[in-house]
Amino acid sequence: DTGVSQDPRHKITKRGQNVTFRCDPISEHNRLYWYRQTLGQGPEFLTYFQNEAQLEKSRLLSDRFSAERPKGSFSTLEIQRTEQGDSAMYLCASTTGVGTNEKLFFGSGTQLSVL
Amino acid sequence: DQQVKQNSPSLSVQEGRISILNCDYTNSMFDYFLWYKKYPAEGPTFLISISSIKDKNEDGRFTVFLNKSAKHLSLHIVPSQPGDSAVYFCAASVPGTYKYIFGTGTRLKVLA
Numbered sequence: 001d002t003g004v005s006q007d008p009r010h011k012i013t014k015r016g017q018n019v020t021f022r023c024d025p026i027s028e029h030n031r032l033y034w035y036r037q038t039l040g041q042g043p044e045f046l047t048y049f050q051n052e053a054q055l056e057k058s059r060l061l062s063d064r065f066s067a068e069r070p071k072g073s074f075s076t077l078e079i080q081r082t083e084q085g086d087s088a089m090y091l092c093a094s095t096t097g098v099g100t101n102e103k104l105f106f107g108s109g110t111q112l113s114v115l
Numbered sequence: 001d002q003q004v005k006q007n008s009p010s011l012s013v014q015e016g017r018i019s020i021l022n023c024d025y026t027n028s029m030f031d032y033f034l035w036y037k038k039y040p041a042e043g044p045t046f047l048i049s050i051s052s053i054k055d056k057n058e059d060g061r062f063t064v065f066l067n068k069s070a071k072h073l074s075l076h077i078v079p080s081q082p083g084d085s086a087v088y089f090c091a092a093s094v095p096g097t098y099k100y101i102f103g104t105g106t107r108l109k110v111l112a
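So the protein lines, in turn, are chains A and B.
Sequential numbering of the first sequence, starting at 1, is according to the working numbering.
Sequential numbering of the second sequence, starting at 1, is according to the working numbering.
It is worth saying that the hints were derived from the structure and are not from the lab.
Be aware that one or more of the hints could be misleading.
Computed list of chain A residues with no C-beta within reach of chain B, every gap over 10 Å [what the hints assert, rightly or not]:
1. Thr2
2. Asp7
3. Lys14
4. Gln17
5. Gly40
6. Gly42
7. Glu44
8. Phe65
9. Glu102
Label-pair distances were calculated between CB atoms; the ranges are [as the list claims (entries may be wrong)]:
10. Lys71/A / Ser10/B: 39 to 45 Å
11. Phe46/B / Gln84/A: 31 to 37 Å
12. Gln80/A / His76/B: 44 to 50 Å
Lysine-lysine pairs mimicking BS3-like chemistry, simulated, CA-CA at most 30 Å apart [as the list claims (entries may be wrong)]:
13. Lys5/B / Lys14/A
14. Lys11/A / Lys56/B
15. Lys109/B / Lys68/B
16. Lys54/B / Lys11/A
17. Lys68/B / Lys5/B
18. Lys68/B / Lys56/B
19. Lys99/B / Lys68/B
20. Lys56/B / Lys103/A
21. Lys57/A / Lys71/B
22. Lys54/B / Lys68/B
23. Lys109/B / Lys57/A
24. Lys71/A / Lys99/B
The structure displayed is predicted, hence computed values, not measured ones.
Positions of the beta carbon are idealized from the N, C-alpha and C atoms, including for glycine.
Take the sequences, apply the hints, and build the full model.
What follows is the structure, encoded as structure tokens:
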């Protein structure tokens with residue numbers, strides 16, 4: 001069990017550029033989440049997958065954001081035409097539990113800075 | 001609309017004393033709650049959880065209490081240690097989904 005892995009750890013980009021982040025969940029976990037966290041706030045839900053199916057997407061997520069999990073294993077989160085307001089920590093989490101045994105395992109996050 | 005609220009942004013406690021972190025929620029349908037700890041530049045780490053069928057769950061130095069009528073839960077850490085200094089988040093499971101909503105966090109500082 002190597003834990004949830006996220007790449008890159010840090011990304012600095014200029015406004016208007018596209019960025020893509022990768023998440024590798026714990027291998028047997030079939031559910032994968034993306035959250036965003038800004039300073040002084042808690043993790044904010046963006047979207048989640050059950051295997052390769054994207055089951056819910058936050059209405060706060062603009063159409064510049066897209067996430068995929070093509071084979072039900074790793075996932076990517078792409079942000080097109082980045083804006084300064086996109087600067088945040090992007091967290092990935094995975095789980096396989098159900099009900100009272102469920103807990104999310106988080107990666108270390110990707111810190112995005114949009115200049 | 002913040003459905004999970006942590007009204008104390010920060011808390012300082014002496015080493016060896018009890019730390020009590022509070023969390024309030026607005027949706028009475030929430031039925032499962034979790035606490036996470038987060039160090040700088042790391043992802044949140046699971047601490048303890050509680051189902052709405054219970055009012056208390058204990059794991060070592062950590063105990064979570066749930067008061068459903070008040071829509072309130074608290075995390076007790078006793079005795080507090082300097083290594084407990086971190087940001088603590090409570091989270092609630094949204095019924096009928098696999099989504100979790102997090103509070104804004106409380107920064108705990110344990111003074112040696």
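Hint-by-hint comparison with the structure:
no. : hint                          : in the structure
1   : Thr2                          : 14 Å, holds
2   : Asp7                          : 13 Å, holds
3   : Lys14                         : 23 Å, holds
4   : Gln17                         : 23 Å, holds
5   : Gly40                         : 7 Å, violated
6   : Gly42                         : 4 Å, violated
7   : Glu44                         : 7 Å, violated
8   : Phe65                         : 16 Å, holds
9   : Glu102                        : 7 Å, violated
10  : Lys71/A / Ser10/B: 39 to 45 Å : 43 Å, holds
11  : Phe46/B / Gln84/A: 31 to 37 Å : 32 Å, holds
12  : Gln80/A / His76/B: 44 to 50 Å : 45 Å, holds
13  : Lys5/B / Lys14/A              : 34 Å, violated
14  : Lys11/A / Lys56/B             : 42 Å, violated
15  : Lys109/B / Lys68/B            : 28 Å, holds
16  : Lys54/B / Lys11/A             : 43 Å, violated
17  : Lys68/B / Lys5/B              : 15 Å, holds
18  : Lys68/B / Lys56/B             : 11 Å, holds
19  : Lys99/B / Lys68/B             : 20 Å, holds
20  : Lys56/B / Lys103/A            : 18 Å, holds
21  : Lys57/A / Lys71/B             : 27 Å, holds
22  : Lys54/B / Lys68/B             : 9 Å, holds
23  : Lys109/B / Lys57/A            : 35 Å, violated
24  : Lys71/A / Lys99/B             : 21 Å, holds
This entry does not satisfy hints 5, 6, 7, 9, 13, 14, 16 and 23, going by the numbered hints stated previously.
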